[in-house]
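J.: What follows is each chain in one-letter form.
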Amino acid sequence: MSIIEVNNLSKTFTYYEKKAGLRHSWRHLFHREELERHAVSQISFNIEQGEAVAFIGPNGAGKTTTLKMLTGILHPTSGHASVLGYTPWERAKAFKRNFAIVMGQKSQLWWDLPANESIYLNKCIYDIEDRIYQDTLDELAEMLDVTRLLGVQVRRLSLGERMKMEIIAALIHQPKLLFLDEPTLGLDYASQKKVRQFLRSYNEQKQATIILTSHYMKDIQDVCSRAIVIAGGKIAFDGRIDAMKKAFGDYKRVKVRFYEPWKEEEVYQWLGAHAVVHAHHGDTLDLQVEHEAIKTVSRRLIEHSGVEDWSIEEEPIEESIERIYVQQSKERGLNVGQEQSRAAELQSLEA
Amino acid sequence: MKMRSLGYYFKLYGVFVKNCVAASMEYRFNFWMGIGVEIAFLCAKALYILIVYQTNLHIGELTPDHILLFIGTYTMMTGLYMGLFYVNFVRISQYVQGGTLDLLITKPVSLQFLVSLRYIDIGLPIPNILAGAIMVGVGWHRAQLPLNWNLLGYIGFIGIALMITYCLMLLPALLSFRYVQTGAVTEMAHSIWDANNMPLDIFPMWLQRIGVYVIPVFLISNYGPKFVMGMLNLWDILWALLVPVILFILVRKCWSLAVRKYSSAGS
Chain F
1 MSIIEVNNLS KTFTYYEKKA GLRHSWRHLF HREELERHAV SQISFNIEQG
51 EAVAFIGPNG AGKTTTLKML TGILHPTSGH ASVLGYTPWE RAKAFKRNFA
101 IVMGQKSQLW WDLPANESIY LNKCIYDIED RIYQDTLDEL AEMLDVTRLL
151 GVQVRRLSLG ERMKMEIIAA LIHQPKLLFL DEPTLGLDYA SQKKVRQFLR
201 SYNEQKQATI ILTSHYMKDI QDVCSRAIVI AGGKIAFDGR IDAMKKAFGD
251 YKRVKVRFYE PWKEEEVYQW LGAHAVVHAH HGDTLDLQVE HEAIKTVSRR
301 LIEHSGVEDW SIEEEPIEES IERIYVQQSK ERGLNVGQEQ SRAAELQSLE
351 A
Chain W
1 MKMRSLGYYF KLYGVFVKNC VAASMEYRFN FWMGIGVEIA FLCAKALYIL
51 IVYQTNLHIG ELTPDHILLF IGTYTMMTGL YMGLFYVNFV RISQYVQGGT
101 LDLLITKPVS LQFLVSLRYI DIGLPIPNIL AGAIMVGVGW HRAQLPLNWN
151 LLGYIGFIGI ALMITYCLML LPALLSFRYV QTGAVTEMAH SIWDANNMPL
201 DIFPMWLQRI GVYVIPVFLI SNYGPKFVMG MLNLWDILWA LLVPVILFIL
251 VRKCWSLAVR KYSSAGS
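Residue numbers (the UniProt record's numbering), protein chains in the order written: chain F, 1 to 351; chain W, 1 to 267.
Keep in mind that the hints are not guaranteed to be accurate.
Stated by the list, open to error - With a cut-off of at most 35 Å between alpha-carbon atoms, the simulated DSBU-like pairs for lysine-lysine come out as follows:
#	chain 1	residue 1	chain 2	residue 2
1	F	Lys106	W	Lys107
2	W	Lys253	F	Lys93
3	W	Lys253	F	Lys218
4	W	Lys253	F	Lys106
5	W	Lys45	F	Lys93
6	W	Lys11	F	Lys93
7	W	Lys253	F	Lys194
8	F	Lys234	W	Lys261
9	W	Lys253	F	Lys206
10	W	Lys45	F	Lys106
To be verified - Non-contacting residues of chain W with respect to chain F, defined by C-beta distances greater than 10 Å in every case (computed):
#	residue
11	Leu12
12	Ser93
13	Leu242
The hints are simulated quantities; they were obtained by calculation from the structure and are not laboratory data. For clarity, every value in this text was computed on a predicted model and none was experimentally measured. Ideal Cβ positions, reconstructed from N, Cα and C, are used throughout, including at glycine.
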């Protein structure tokens with residue numbers, strides 16, 4: 001049986017727009033035109049016990065809104081959802097005892113106190129027995145390598161250390177279901193890696209279900225086996241991560257180095273429609289080639305006397321996703337500003 | 001189950017108090033300076049006693065001794081309100097604006113309890129409560145009021161006043177869920193609160209009725225002293241017992257509606 005069942009879930013927010021300037025602020029005081037934004041639009045999916053699922057999508061796609069509805073933070077505009085057998089937005093205490101949420105941008109720790117005080121507060125809130133509490137705390141602190149930091153004032157911890165404490169505070173009651181909203185946001189590479197390793201082993205050891213949103217593909221690839229791509233409030237893809245590439249177009253990346261610099265138009269004359277130039281810097285060329293055309297392109301590279309070296313690589317998964325974002329943007333006729341915002345989003349995804 | 005639940009919430013409240021005290025002690029300089037400042041405030045508050053007697057203020061049958069009892073109760077209640085409730089209510093708008101409420105909503109505990117009682121300011125109420133208690137003591141003694149079951153009744157009325165304060169002052173803060181910034185309404189509520197500074201007898205009868213039956217703010221610091229002075233009839237006492245129950249039900253309903261309106265903040 002599915003641990004999460006979502007049927008036609010939608011969420012619409014109302015908002016106002018105001019042009020710049022004091023004159024418009026004055027008019028805005030008396031009349032505001034209420035606008036609607038469909039953050040999530042009739043999405044449906046199921047998640048099984050023990051699955052690790054990633055929600056992927058650009059900013060404003062509806063990932064976090066979906067997460068907030070599944071945790072009962074927000075009421076949906078329409079649709080149904082069952083999480084652990086409960087309707088989340090009814091906010092039953094028994095439901096809340098069985099899940100945890102970690103938000104990369106929000107903290108539940110008391111800033112002025114050592115983290116162990118906040119974790120102890122959670123022990124009291126979740127009414128955990130002393131022995132179980134101590135065992136769980138020791139285990140989690142050891143797994144995340146922060147035992148010696150439990151008594152340090154939170155404000156004196158680094159961002160990575162704080163996030164580890166947030167995770168311990170969230171997991172102290174051993175939830176069956178864990179929601180993570182950008183948990184590695186702003187962390188250095190070592191901390192990101194530690195958090196990812198921890199989540200993977202927590203998922204495997206405890207058979208806990210993990211729902212993760214992140215803009216870092218490494219998080220998604222290391223922790224999750226399934227991805228749900230949300231774009232424009234709708235599900236654009238739902239399946240195994242390794243199947244995403246095929247769904248979004250199976251491309252290879254061919255990197256070529258010439259003895260001498262080449263012009264881009266010369267490359268197109270030479271390769272025809274078999275490849276698209278992704279990047280071109282003098283004597284190096286980065287080509288995007290469709291899977292079916294790889295033999296033809298390889299043959300031409302071998303035959304060409306100006307080629308010094310070349311390699312074929314898998315296209316990075318984020319670039320596969322990039323196509324769907326761009327496609328969605330075009331379909332929705334987004335304006336230039338929104339396209340720029342998407343571009344910035346994609347840059348962070350690549351980072 | 002109810003008793004267990006009550007014990008659970010008392011235990012949680014104890015942890016809140018402990019955390020707040022511990023947090024204030026983390027900053028040693030500020031902690032000791034704070035105590036010094038509070039002592040200075042305490043001396044300043046004690047000057048009220050002198051003012052009341054120097055002006056020889058009489059309101060109807062009320063002598064300066066009786067008036068001191070009212071002012072003392074008001075001072076004490078102000079301290080309790082500031083230290084126990086205000087520090088929490090003022091944060092509600094921030095919770096809504098910044099989306100901090102998200103994490104609190106997911107805790108398996110009453111959200112109202114968590115939001116409205118999570119912080120306690122130990123420093124703020126000390127001078128007010130001590131000064132207020134001294135004023136009440138002096139007024140009580142000089143007015144030659146009996147110190148028998150009256151004291152228990154007075155303490156009971158302070159408890160009722162605390163409940164009424166919690167409900168009345170939380171209601172305007174709930175508007176934050178709808179309008180986010182509600183500083184103007186809070187200011188208005190504080191102005192109404194200040195009407196308690198003097199015995200209600202100084203106000204015209206129609207205003208007294210509003211302050212007792214519509215927005216029962218006069219019950220907060222008037223009914224305790226009036227009870228001690230034997231100025232309350234049975235109906236007044238029953239009304240005083242009923243008001244916190246009605247207000248608490250009202251607050252619970254409004255809270256549920258307000259939280260339903262919560263739309264979180266973009267992340």
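J.: Against each hint, give a clear statement of whether it holds in the structure.
T.: Going down the list of hints, with the structure as the test:
1. Restraint check: the Cα-Cα separation between Lys106 of chain F and Lys107 of chain W comes to about 14 Å, which is no more than 35 Å; the hinted pair holds.
2. Restraint check: the Cα-Cα separation between Lys253 of chain W and Lys93 of chain F comes to about 18 Å, which is no more than 35 Å; the hinted pair holds.
3. For the suggested pair Lys253 of chain W and Lys218 of chain F, the alpha carbons sit about 46 Å apart, so the restraint of at most 35 Å is broken.
4. Under the criterion of a C-alpha separation no larger than 35 Å, the hint pairing Lys253 of chain W with Lys106 of chain F is consistent with the structure, at around 28 Å.
5. Distance restraint check for Lys45 of chain W and Lys93 of chain F: the Cα-Cα separation of roughly 45 Å exceeds the 35 Å cut-off, and the hinted pair is therefore not satisfied.
6. For the proposed pair Lys11 of chain W and Lys93 of chain F, the alpha carbon gap of about 18 Å is at most 35 Å, so the pair holds.
7. Among the hinted pairs, Lys253 of chain W with Lys194 of chain F is inconsistent with the structure: their alpha-carbon atoms are about 45 Å apart, more than 35 Å.
8. Proximity of Lys234 of chain F to Lys261 of chain W is assessed by CA-CA distance (about 24 Å); at most 35 Å being required, the pair is judged to hold.
9. Our distance criterion of 35 Å between C-alpha atoms is broken by Lys253 of chain W and Lys206 of chain F, whose separation comes to about 40 Å.
10. Using a Cα cut-off of 35 Å, the hinted pair Lys45 of chain W and Lys106 of chain F is violated, with the two alpha carbons roughly 41 Å apart.
11. Chain F draws Leu12 of chain W into its interface by the beta-carbon criterion, the shortest separation being 6 Å against a cut-off of 10 Å.
12. The Cβ of Ser93 of chain W lies farther than 10 Å from every Cβ of chain F, with a closest approach of about 17 Å, so its non-interface assignment holds.
13. The beta carbon of Leu242 of chain W is kept farther than 10 Å from every beta carbon of chain F, the shortest such distance being approximately 30 Å.
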